[in-house]
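Protein chains in written order, with our numbering: chain P, 1 to 247; chain L, 1 to 248.
Note that these hints are calculated values from the structure, not bench results.
Among the hints, erroneous ones may be present.
[As the list claims (entries may be wrong)] Restraint ranges, calculated between C-beta atoms of paired labels, are given here: (1) L:Tyr17 with P:Arg166: 22 to 30 Å; (2) L:Arg167 with P:Leu243: 41 to 49 Å; (3) L:Asp70 with P:Gln197: 37 to 45 Å.
[To be verified] Which stretches of chain P does chain L cover? Using the computed rule of at least three CB atoms under 8 Å from a CB of chain L, they are: (4) 7-16; (5) 90-100.
[What the hints assert, rightly or not] Derived EDC-like pairs (lysine to aspartate or glutamate); straight-line CA-CA distance at most 16 Å: (6) L:Lys174 with L:Asp201; (7) L:Lys139 with L:Asp93; (8) P:Lys98 with L:Glu76; (9) L:Lys139 with L:Asp181; (10) L:Lys139 with L:Glu125; (11) L:Lys133 with L:Asp181; (12) L:Lys133 with P:Glu18; (13) L:Lys139 with L:Asp165; (14) P:Lys98 with L:Asp74; (15) L:Lys139 with L:Asp113; (16) L:Lys139 with L:Asp194; (17) L:Lys139 with L:Glu171; (18) P:Lys90 with L:Glu125; (19) L:Lys133 with L:Asp93; (20) P:Lys90 with L:Glu76.
From the three backbone atoms N, C-alpha and C, an ideal C-beta is built for every residue, glycine too.
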Amino acid sequence: MSSLTRLAGSEARLFVREPMSVFFALAFPAVLVVVMGNAIPAFSEPSADFGGELPINLYLPIVLALAVGTVTMTSLLTVLSQYRERGVLKRLATTPVKPSALIGAQLVVNIGALLAGSALMMVAAAVAFGSRGPENWPALLVAFLLGSAAMIGVALFIAAVTPNSRASAGIGSLVYFPMLFFAGVWTPGDMMPEGAQRVADFTPLGAASQALQAAWYGDWPQPLHLAVTAGYAVVTGFLAIRLFRWQ
Amino acid sequence: MSVGMTVIEVNGLTKRYGDRTVVDGVSFTVAEGEIFGILGENGAGKTTTVECISGLRTPDTGSISVFGLDSRTDREQLRRLIGVQLQESQLQDRLRVGEAMQLYASFYPDPADWRELLAAVGLSEQVRMPYAKLSGGQKQRLSIALALIGNPRLAILDELTTGLDPRARRETWKLIRQIRDRGVTVLLVTHFMDEAERLCDRLAVLDGGRIVALDTPAALIANVGDVDGYRANLEDAFLALTGSGRDN
Numbered sequence: 001m002s003s004l005t006r007l008a009g010s011e012a013r014l015f016v017r018e019p020m021s022v023f024f025a026l027a028f029p030a031v032l033v034v035v036m037g038n039a040i041p042a043f044s045e046p047s048a049d050f051g052g053e054l055p056i057n058l059y060l061p062i063v064l065a066l067a068v069g070t071v072t073m074t075s076l077l078t079v080l081s082q083y084r085e086r087g088v089l090k091r092l093a094t095t096p097v098k099p100s101a102l103i104g105a106q107l108v109v110n111i112g113a114l115l116a117g118s119a120l121m122m123v124a125a126a127v128a129f130g131s132r133g134p135e136n137w138p139a140l141l142v143a144f145l146l147g148s149a150a151m152i153g154v155a156l157f158i159a160a161v162t163p164n165s166r167a168s169a170g171i172g173s174l175v176y177f178p179m180l181f182f183a184g185v186w187t188p189g190d191m192m193p194e195g196a197q198r199v200a201d202f203t204p205l206g207a208a209s210q211a212l213q214a215a216w217y218g219d220w221p222q223p224l225h226l227a228v229t230a231g232y233a234v235v236t237g238f239l240a241i242r243l244f245r246w247q
Numbered sequence: 001m002s003v004g005m006t007v008i009e010v011n012g013l014t015k016r017y018g019d020r021t022v023v024d025g026v027s028f029t030v031a032e033g034e035i036f037g038i039l040g041e042n043g044a045g046k047t048t049t050v051e052c053i054s055g056l057r058t059p060d061t062g063s064i065s066v067f068g069l070d071s072r073t074d075r076e077q078l079r080r081l082i083g084v085q086l087q088e089s090q091l092q093d094r095l096r097v098g099e100a101m102q103l104y105a106s107f108y109p110d111p112a113d114w115r116e117l118l119a120a121v122g123l124s125e126q127v128r129m130p131y132a133k134l135s136g137g138q139k140q141r142l143s144i145a146l147a148l149i150g151n152p153r154l155a156i157l158d159e160l161t162t163g164l165d166p167r168a169r170r171e172t173w174k175l176i177r178q179i180r181d182r183g184v185t186v187l188l189v190t191h192f193m194d195e196a197e198r199l200c201d202r203l204a205v206l207d208g209g210r211i212v213a214l215d216t217p218a219a220l221i222a223n224v225g226d227v228d229g230y231r232a233n234l235e236d237a238f239l240a241l242t243g244s245g246r247d248n
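Chain L extracted, bound-state conformation (with noise of 0.2 Å):
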């Protein structure tokens, strides 16, 4: 892995929602070529975290950088760099993959080519198929695909594998892999442990909304050393690392 510029800069990032705060004071850095994972449960703020870098929220406190730009004043540049996947984001039923991916690609000043990109997530069949007639799978791979459709310099995917069997999963990995050697960076918010193990350089932990621990796969779970007789996997390091301070 080739580390180079910092791609993403978060300061001191709050955010809170009536009197609820989601993500409280959060800061890492990500570098240029890196897949960076956030992983956390249900609720740790990791979607917050991300929506506010894609520069869909604004943050109450902190600032974030993307690219050297601002992601509170300069949205319109960012957007043209950053493709982005979300979770639960659907399309129009009766709109074709195909169509859909022609039409995202005339949004971006210097696309990709959508055939290879749908060839890439298995799609290539699908192209005449209506949105609504696509499985839980395929919708998953064509917003991966749609992510991807203008050349974008950084991707975040939020949630990329829920919904896909082992297979699509890996190939998945793959592709995303692929898409950091062609030197796109990686900004991943995952739940999954395999996944945030196999896939990311390096994993910032959230709990609560706030960062509890942030380095490697390997080295988070070196901290832990043996379980119960057992080499500790991320599993046990997530386990070590959050539930402290919670409510419930």
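The shape of chain P in the complex, shown without the other chains (with noise of 0.2 Å):
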């Protein structure tokens, strides 16, 4: 067995240990459906102005979005800024593993968490109200995984820039906050101001979320999106890989 494979279990280990990382990664896009869909009747009412469709289901793939934003700023990294401030990075350092094999370890630990967090809230949207799940799966797990990588490189980017664990939660939240906004949790769909739409194009989250609107609904998803969303993967990641410090 590799490092990689041995840190990445036991850091999985550790994250199950976690109960608040648990909940806000596995089961908080499910529950959010679930409570806002049984909240507000109309939600899980066929509505015409949306042809026919429950409006909850347009809220699915934004909720994904919000996943992916959740995991990486909240969960990522203040795991990431922790184990450097606290020197667990620099211990490791001393022995022949990588301190990158932990960050390997988390990133791992982090992406399944969010794919089984995604996956039992479309499980939980099926059930609660029979919603139908993405159109074009293909489609949506590349929006997924572009949207994945660019909030990932966002969050080691700010953990690389950040003196510390509470600049990089203050930090993380300050970003987080806006990001739900231009991924259109609070104006789904077409319900968002025409400028804010054009700025959230360009937001890794808003794009990430307009990807995966677009797949959701059996589309490819834009050109645009898919390059802003790549364009932060690698711009950030390449950033944060110069400017990590270690300890």
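From these two lone chains plus the hints, build me the complex, please.
Structure, rendered in structure tokens:
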């Protein structure tokens, strides 16, 4: 077994021992959809405004984007900056294993949790409201992976440039909430104002959300949105690798 | 003490942070099987010196050879031969003692028996305890055990007994002597005089980034003679050697 596998196993064990991270990564998307659908009766009634669709279904791809934003900006970012601040990475640097392997293990665990939480959300929506899944699976996976890569890049970049875990948590939430807005959490579908929409196109989670929504309804995402997410992933990832301090 | 081959050879080591010179032309050698101490006040450059030797930092000038390997270019080979206990380096809160030992053991080609090692540092009872629940002294002892888990030929221990009570300190000294008796060379950083005197075969006294004296504890003390009618101890020797040329 490689050290990355061992570290990923160890980090996965630590992850499930942390009730908050388990809730937010695994259960939160499903709980959000079920609660919203039940709390607001109109959400689970077919609506003529949405071509006879259940309004809650409009939210499902947006909740996927929200899940990506939550896992990367809270769980992943917090853990990485804590590991540096507390000297976990430095200790590892004294062993034959490189500290980057621990960051790799964290990525594996967080992506795994994100996939599981997203799958759980889709199952919950199907059970609670009879929602259909996405209509273009390959496109959805591409949009999901690129969106996740973009937000992971942003998380690594913030972890790289902030001096301590307090600062990175602060900047993380400063990025998180506007990202949710641009992803359409409060203004789903066409409800986002035109000007905000133009900005959203160029934010990592806004572009990811647009791409996920297109795929959900059977289309292929606009090249712009794929390019924006890929661009964020490459640029922030590159900067993070250049700027990251191990201690 | 049987003195064998040279394990560490530091030559003209200099390290600057910005325009502040933290280590300034330090040279010394450590022989196999020695317990070699680096003694100095806070900010004397002790930690920077051993972090350069461990390969965690790159010297600005000077060369460091450990087991004949270059600490800059042969880091990967060196990490299999050196066990390092860092000052203020923690573990994940929810990682259990036994899990940490097994995980770190898996990083090395020929690890020590982790249960034996835990027993040696007195943590057998805490195998299932998460790191966050350990006392300061227990965390320190776990850190020592992790530094030794890879069966290192050289152990570098930074502020070994900080935070330990007197009994635990003496237990730890005993453990360090046992390790040395198994042939491990020990490089020890400390600011405790009693620890340096009791434990170290030779001492480098560091002041303002320079070595101001390098000898056995007994010889360092003998050089001072009597102080105020009393026989000098290591602290007297230390105070006589350091503090000159200080700004404040």
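Hints versus structure:
1. L:Tyr17 with P:Arg166: 22 to 30 Å: 23 Å, holds
2. L:Arg167 with P:Leu243: 41 to 49 Å: 46 Å Cβ-Cβ, so the 41 to 49 Å window holds.
3. L:Asp70 with P:Gln197: 37 to 45 Å: 57 Å Cβ-Cβ, so the 37 to 45 Å window is violated.
4. 7-16: It holds, with 4 qualifying residues against the three required.
5. 90-100: Contact hint for the segment 90-100 of chain P vs chain L: holds, 7 residues under 8 Å.
6. L:Lys174 with L:Asp201: 14 Å, holds
7. L:Lys139 with L:Asp93: 11 Å, holds
8. P:Lys98 with L:Glu76: 9 Å, holds
9. L:Lys139 with L:Asp181: 25 Å, violated
10. L:Lys139 with L:Glu125: 14 Å, holds
11. L:Lys133 with L:Asp181: Given that 16 Å is the threshold and the Cα spacing comes to 33 Å, the pair is violated.
12. L:Lys133 with P:Glu18: Between L:Lys133 and P:Glu18 the Cα gap is close to 15 Å, so the pair holds against 16 Å.
13. L:Lys139 with L:Asp165: With Cα atoms ~13 Å apart, L:Lys139 and L:Asp165 stay inside 16 Å; holds.
14. P:Lys98 with L:Asp74: 14 Å, holds
15. L:Lys139 with L:Asp113: 19 Å, violated
16. L:Lys139 with L:Asp194: 22 Å, violated
17. L:Lys139 with L:Glu171: 15 Å, holds
18. P:Lys90 with L:Glu125: 27 Å, violated
19. L:Lys133 with L:Asp93: Distance of about 8 Å is within 16 Å: holds.
20. P:Lys90 with L:Glu76: 15 Å, holds
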